[in-house]
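Just so you know, the sequences run in chain order S and X. The numbering of the first sequence is numbering that gives the first Met the number 0, which starts it at 0 and goes up by one. The numbering of the second sequence is numbering that gives the first Met the number 0, which starts it at 0 and goes up by one.
Hints may be right or wrong, so weigh each one.
Since the list gives no way to pick out one identical chain from another, each pair is judged satisfied if it fits inside one copy or across any two copies.
Below, computed lysine-lysine pairings styled on DSS-like, alpha-carbon distance capped at 27 Å [as the list claims (entries may be wrong)]:
hint	residue 1	residue 2
1	19	364
2	352	306
3	8	364
4	352	122
5	412	2
6	22	8
7	364	352
8	123	352
9	19	71
10	22	39
11	71	39
12	8	39
FYI, nobody ran anything at the bench for these hints, they're computed from the structure.
2 protein chains.
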Amino acid sequence: MLKYSFERKQGVPLYEELYKALKADILAGRLRAGERLPSKRAMAEDNDISVTTVLNAYQQLITEGFITSSEKRGYFVAEIQKIEPVPETPRPFVGKYYKEDEWFADFQSNNFLYNHFPFAMWKKVIREILSEYDLELVRRGNPFGLEELRTQIAAFLYRSRGISVSPECVIIGAGIEYLYARLVNLFPEDTVYAVETPGYRKIPDIYDAYDLRWRNVGMDAHGIRMPELISSGANIVHVSPEHHYPLGTVMSVARRYQLLNWANSDENRYIIEDDYDCEFRYQSRIIPALKSRDSAGRVIYMNTFSKTLSPAVRISYMVLPEHLLQRYIEHTRFFTNSTSSLEQYAVARFLEKGYFERHLNRIRKRYRQEGEQLIALLQENKRIPIRSIRGGDSGTHVTVSLDTTMSDAELRKRSAEAGVHLSCLSDFCTRPDPRYDHVMVLNFSDMDEETQREAIRRLGEIF
Amino acid sequence: MLKYSFERKQGVPLYEELYKALKADILAGRLRAGERLPSKRAMAEDNDISVTTVLNAYQQLITEGFITSSEKRGYFVAEIQKIEPVPETPRPFVGKYYKEDEWFADFQSNNFLYNHFPFAMWKKVIREILSEYDLELVRRGNPFGLEELRTQIAAFLYRSRGISVSPECVIIGAGIEYLYARLVNLFPEDTVYAVETPGYRKIPDIYDAYDLRWRNVGMDAHGIRMPELISSGANIVHVSPEHHYPLGTVMSVARRYQLLNWANSDENRYIIEDDYDCEFRYQSRIIPALKSRDSAGRVIYMNTFSKTLSPAVRISYMVLPEHLLQRYIEHTRFFTNSTSSLEQYAVARFLEKGYFERHLNRIRKRYRQEGEQLIALLQENKRIPIRSIRGGDSGTHVTVSLDTTMSDAELRKRSAEAGVHLSCLSDFCTRPDPRYDHVMVLNFSDMDEETQREAIRRLGEIF
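So here's chain S without its partners, still in its complex pose (with noise of 0.2 Å):
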């Protein structure tokens, strides 16, 4: 007979106090594997409990398995392996596990757009698009990204890039990383990746993270090396030739040619044309993409609304040649849309209404002026030993040449020490090149006068 006292505590149900009783007696081999249970009947007369309460109670039981049925036999207790003491593996205690750095002023990393948010219009435009929308909110959507603002971006990159694609060839995703990630899944194993050095770091490691081949090719004056290119056996080139991140070049028009030819004489062969800040063009007229004259589909080209809008914004795109559309279709079945319905509303709208680019405007007016004033507060300060300074006009950052023989770890150091975060091209170099040492690259945007003006001061303090 098994007799268990009740707290009948209100709002806990009798059954599960009598569930907690048997499975710790259970848990404490009090009751035995195969031991048989009291039938339901005989639990509820002994226990001054209804058979209904048993019958629960033993349901619940069954269902984690500390119990079985047999029918016509009963309850029985079920053979429960108990949980090895493991030794407790070492697990520091590590804190925090991200912190934000906190510089005084912080030219590594481009703070787009804190202070130049468009607020009011953004906010105006999420309330408008609660307001309009309901279901179209929640459904799970094309997992390409919405008809409405495909459609945008595809006017969008006409108007601006001289792009003529089809809506239906523009991929939204959350952030270039997601689109990297799809996109290399539809190349074959044996293919070769091509990156420039220096160059935007974040692309090799991405192979890296994704064990995928990779060739760095160097860089001349008007751009991508095509020999080295040539000979590095690469069939997929990873180039920004808008704008180089980080030396600034423009690819030249022959270069541009050359590389078309190049992916055009071999079916395997692609360009990835990443377009990141083709919208900060301050002292000429913006050069067309060179997905523009990608008659063959070999280009395929990126750019996000992360610098532009809003880190926050997670809506970047691609745009693929029709051919590799039909196989991203294939491979990516399984894959659900990663980003938000309610923001691509809002972007869509953004872009339908003119916002984005009075937004653009604004901020590119903004940017050349915080680079204009970087340079000049360079070019005052008599410390810094200045042989040379690039940029200005475009991009957001400029390249300071310097004449000192301070290795490019010490200056990193010392700056830090100073509170003034940067990077020298030397560290955008996947193999070392000399011509590359003794270079500042300085991301200006969104700094005030005041802290460019102090974070100069300083820097002049460590030479």
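Dock chain X against the given chain S, drawing on the hints supplied.
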């Protein structure tokens, strides 16, 4: 002498007209590679325009690489390799690449929440967040997710699943697929994954997409078969102990302990606990998660708000053991936050204010009714040769075992012809097993009674 006539259109700068005229001549070969252009002054005089206009046009041509300038010597037409005519690769016109299927009734996927989404509350919260926050909405943010949301998720997991973890171990991502892609990166190349058969097909699909090695392991009434798991050589296993999809099995406590012991006995072993519909248990108490008993840090817990809030809210999360967190940070340093900050704040508030649990209670009740209704309709139908029905006590699907010789392919085909989309259990098997033939899997969430009734009637007709 080069003389051009200008249209002098309003809004088009004169330098642009000159630039275009020169570019056209270069591209057409009328100005040949190496040819010297007139000096700025000569060009200005010949065309009766200012020297500045000529300078701007020449600058643009230099930027784009059409001409080069050589100090003291002048401006020269650059060598431009023309694009060779490329045989147009056949690109079939495919029309719209993505079509949403139109079925009279779709039992294949759960149309989670289209009818039950708490619009009023969701919109209210989004509006609140918009009023209260500015800068926080556009900052780059913690790449692992906003602290506010991770704190609320940790609290929710404690309340609802008995899981006690530091908010730091909760990683936010844009969908389970996204998190999976990050997760598999943490493990060495020789890792072997185990999936249940039958089971959720998306998981082996993802492994295939990343070229990972995986084995399938069979099921019994207690859950995944341990001897088979052990002999498979796998060291990471993906399971849904709370509610197997599509079998509906609840892993027994005995099996849970066996599985934990298996993982605890080797430091390369991990369990991925996919708790995809733990929120929908109707007829018994919620069973504590495997993760809640994970004293040795071998369990990776995954869940998503896409199934409980909306598939358009792309917020999923995983809970990592602390030692993996460290590795995660090293491996993903170049990944940025993948989800909308606005929606992260909104979900955090939903959790904090209890709106989420209120919403869960409401849809739990609703889904229970929908399940009961479907089972009743199936039982009433005299033409479907039903052997048994499983489900209805949790989740949003039932399985219907049939007494028929009709093949599953034929069954699917005939039901599709009747406008009814469904899967069979055999569709979820990664190896053939006749035990799982002749079983329909019906996902029922958010289908109204009329549709259910007519769909079941149509199903009856096909036998």
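Quick rundown of the hints versus the structure:
Taking CA atoms no more than 27 Å apart as the test, residue 19 paired with residue 364 passes between copies only; the shortest distance there is 25 Å, against 69 Å inside one copy. Only within a single protomer do residue 352 and residue 306 lie at most 27 Å apart by alpha-carbon distance; the minimum there is 20 Å, versus 33 Å between protomers. Taking identical chains as interchangeable, the C-alpha atoms of residue 8 and residue 364 lie at most 27 Å apart only when they sit on different chains, with a minimum of 25 Å there against 69 Å within one chain. Taking identical chains as interchangeable, the C-alpha atoms of residue 352 and residue 122 lie at most 27 Å apart whether they share a chain (14 Å) or sit on different chains (23 Å).
Taking the shortest alpha-carbon separations for residue 412 and residue 2, neither the intra-copy value of 73 Å nor the inter-copy value of 58 Å comes in at or below 27 Å. In this homomeric assembly, residue 22 and residue 8 come within 27 Å of each other (Cα to Cα) only inside a single copy, at 18 Å, whereas the closest approach across copies is 88 Å. Taking the shortest Cα distances, residue 364 and residue 352 sit within 27 Å of each other inside one copy (20 Å), while across copies they are farther apart (43 Å). Taking the shortest Cα distances, residue 123 and residue 352 sit within 27 Å of each other both inside one copy (12 Å) and across copies (25 Å).
In the homo-oligomer, the alpha carbons of residue 19 and residue 71 lie at most 27 Å apart inside one protomer (25 Å), although the nearest pairing across protomers, at 94 Å, exceeds that limit. In this homomeric assembly, residue 22 and residue 39 come within 27 Å of each other (Cα to Cα) only inside a single copy, at 16 Å, whereas the closest approach across copies is 94 Å. Proximity of residue 71 to residue 39 under the C-alpha cut-off of 27 Å is restricted to the intra-copy arrangement: shortest distance 12 Å within a copy versus 106 Å between copies. Within a single copy, residue 8 and residue 39 get their C-alpha atoms as close as 23 Å, which meets the 27 Å cut-off; across copies the closest is 96 Å, which misses it.
Comparing the model with each earlier hint shows a violation of hint 5 alone; every other hint is respected.
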